[in-house]
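Residue numbers (my numbering), protein chains in the order written: chain A, 5 to 286; chain B, 5 to 286.
Source of the hints: derived by calculation from the structure; they are not laboratory data. Fair warning: there could be bad hints in the mix.
All copies of an identical chain are treated as equivalent in the list; a pair is satisfied when it fits inside any one copy or across any two copies.
[As the list claims (entries may be wrong)] 27 angstroms max Cα-Cα, derived DSS-like pairs, lysine-lysine:
id, residue 1, residue 2
1, K82, K6
2, K194, K82
3, K194, K222
4, K6, K194
5, K194, K15
6, K82, K222
7, K222, K15
8, K222, K57
Number of protein chains: 2
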Amino acid sequence: MKDIDGRAVAKALREEVAAAAERLREGGTVPTLAVVVPTDDEGTAWYVRSIAKTAGKLGLDCRVVQLEEPGRDEIVAKLQELSADPEVHGVICQTPLPEGVSLAEVGWYISPFKDVDGANSESLGRLAQGRRTFAPATSAAVLELLRHEGVRLEGARAVVVGRSTVVGKPAALLLVNESATVTVCHSRTKELAAVCREADVLVAAVGRPRMIGAEFVKPGAVVIDVGTNPTPDGGLVGDVDYEAVAPLASAITPVPGGVGPVTTMLLLRNTVEAARLALEHP
Amino acid sequence: MKDIDGRAVAKALREEVAAAAERLREGGTVPTLAVVVPTDDEGTAWYVRSIAKTAGKLGLDCRVVQLEEPGRDEIVAKLQELSADPEVHGVICQTPLPEGVSLAEVGWYISPFKDVDGANSESLGRLAQGRRTFAPATSAAVLELLRHEGVRLEGARAVVVGRSTVVGKPAALLLVNESATVTVCHSRTKELAAVCREADVLVAAVGRPRMIGAEFVKPGAVVIDVGTNPTPDGGLVGDVDYEAVAPLASAITPVPGGVGPVTTMLLLRNTVEAARLALEHP
């Protein structure tokens with residue numbers, strides 16, 4: 005078994021992003037990510053601070069736009085304002101959203117050109133069509149880790165556990181586009197462990213701590229754990245029971261230190277890319 | 005084994021669509037479908053004539069817009085013009101398209117409000133998000149037939165063979181939204197027959213005549229054949245080897261007389277729905 009070192013993958017990306025950001029700054033453009041935060045959730049605040057800190061180190065500006073108990077219309081207005089602001093290149097909207105507001109709906113108001121976390125239905129549709137677009141960063145991180153490990157996806161059986169719009173479905177579509185044979189599982193799947201054991205590549209994105217045990221994993225499978233479940237002591241634990249699964253897997257992402265750091269880096273890479281595209285196609 | 009009678013399903017839909025069209029006409033609105041035909045392909049011409057004929061019988065207008073050797077820009081301009089025309093409620097673009105032009109790209113110029121065959125990436129993204137939208141009519145017909153047969157999809161294993169943007173992927177997304185456990189197979193899938201044998205519901209959308217034989221089908225499975233491959237004698241044959249598979253399946257769609265008639269009817273139902281929405285939200 006081999007740990008897939010997300011921090012090392014992030015480090016390689018970091019240099020690429022920092023270099024691209026520097027080239028843009030030399031040309032007078034400061035690549036800028038705007039993060040709309042419609043919640044006072046502490047976990048979200050922690051995550052946003054970590055994005056802002058990493059952005060700063062890499063030469064990007066990060067505008068954190070905190071909204072106090074906003075309604076749907078206030079969130080939409082802010083996303084539209086930022087989408088129209090020529091000094092902003094990437095726009096993301098954090099969750100959780102207020103009761104009755106869905107990211108799928110408000111995400112539409114993020115310009116597809118600035119939609120660096122793939123929240124707009126237009127972006128998701130282009131992804132499904134196999135066209136160039138910004139994919140949701142977490143799903144893109146899954147693919148980036150697999151690519152970095154040299155995992156052959158063509159013809160491989162991939163099983164994605166979880167069918168959310170932000171992770172499970174886009175990860176499945178990306179894997180289909182890479183010619184894997186892809187199965188999407190979820191809470192209604194029968195004999196889930198048996199279905200998961202069909203996987204050469206198993207992607208866990210359910211949000212249930214340590215749910216995926218040894219009986220879910222075919223010996224030699226590659227396991228990507230998207231889960232980031234908070235523990236009572238303030239730590240994080242994945243959807244995969246790492247201790248039980250690691251001896252079986254040929255490679256596995258730890259939590260923390262797997263998908264997370266790569267996700268943040270891809271958000272920033274997308275922002276730099278959006279800034280570059282804005283210059284080329286004003 | 006039971007034949008799933010697509011013509012009977014279409015007949016039930018037909019009465020619903022005709023009644024809705026009549027209500028609209030009584031209110032002074034003639035529900036109108038525009039079909040852009042950018043090819044002189046004989047199969048396409050035949051299909052378009054059959055849509056126009058059925059539309060007429062149901063009280064819809066059908067405008068066939070034949071383009072002679074058009075370039076990409078001419079097709080786009082026509083789709084934009086029809087999207088802006090208040091007397092047109094549904095717009096579809098037939099294939100094959102000229103070399104180098106893709107439906108995924110030109111489909112974007114069909115207004116999502118008139119996109120009755122789900123060609124716009126926005127429509128496909130909304131479908132992936134599980135939101136209300138016009139799905140590609142063929143993929144919607146697969147679900148309509150399963151619903152009509154009372155096939156329980158929640159927790160069922162569904163296998164879709166084919167990953168096209170117009171059928172395979174949207175059918176897979178619709179099945180996931182219905183809580184099936186869905187596997188997408190394609191030309192790179194290894195041991196395709198074995199994977200297909202896992203299916204309680206098998207959807208064949210490959211475009212290869214009689215490719216799916218008995219060894220692909222678990223006894224008792226429901227088989228939906230999306231294939232419409234022309235035969236030398238001017239007939240149609242499916243992707244499924246009907247004679248070999250029918251004795252195994254619990255239910256199967258014949259070709260012709262399965263998915264095809266339902267697809268046409270759903271296009272027309274979507275057009276009437278688009279006309280109704282245009283009245284309600286002008």
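Tested hints:
1. K82 with K6: Close neither inside one copy (44 angstroms) nor across copies (56 angstroms); limit 27 angstroms.
2. K194 with K82: Classified as neither; 42 angstroms inside a copy, 48 angstroms across copies.
3. K194 with K222: both (18 angstroms within a copy, 17 angstroms between copies)
4. K6 with K194: between (30 angstroms within a copy, 26 angstroms between copies)
5. K194 with K15: neither (39 angstroms within a copy, 35 angstroms between copies)
6. K82 with K222: Neither: 47 angstroms inside a chain and 53 angstroms across chains, both beyond 27 angstroms.
7. K222 with K15: Answer is neither: 30 angstroms inside a copy and 48 angstroms across each miss the 27 angstroms cutoff.
8. K222 with K57: So K222 and K57 fail the 27 angstroms test inside a copy (39 angstroms) and across (55 angstroms) alike.
Violated hints for the displayed structure, listed by number in ascending order: 1, 2, 5, 6, 7, 8.
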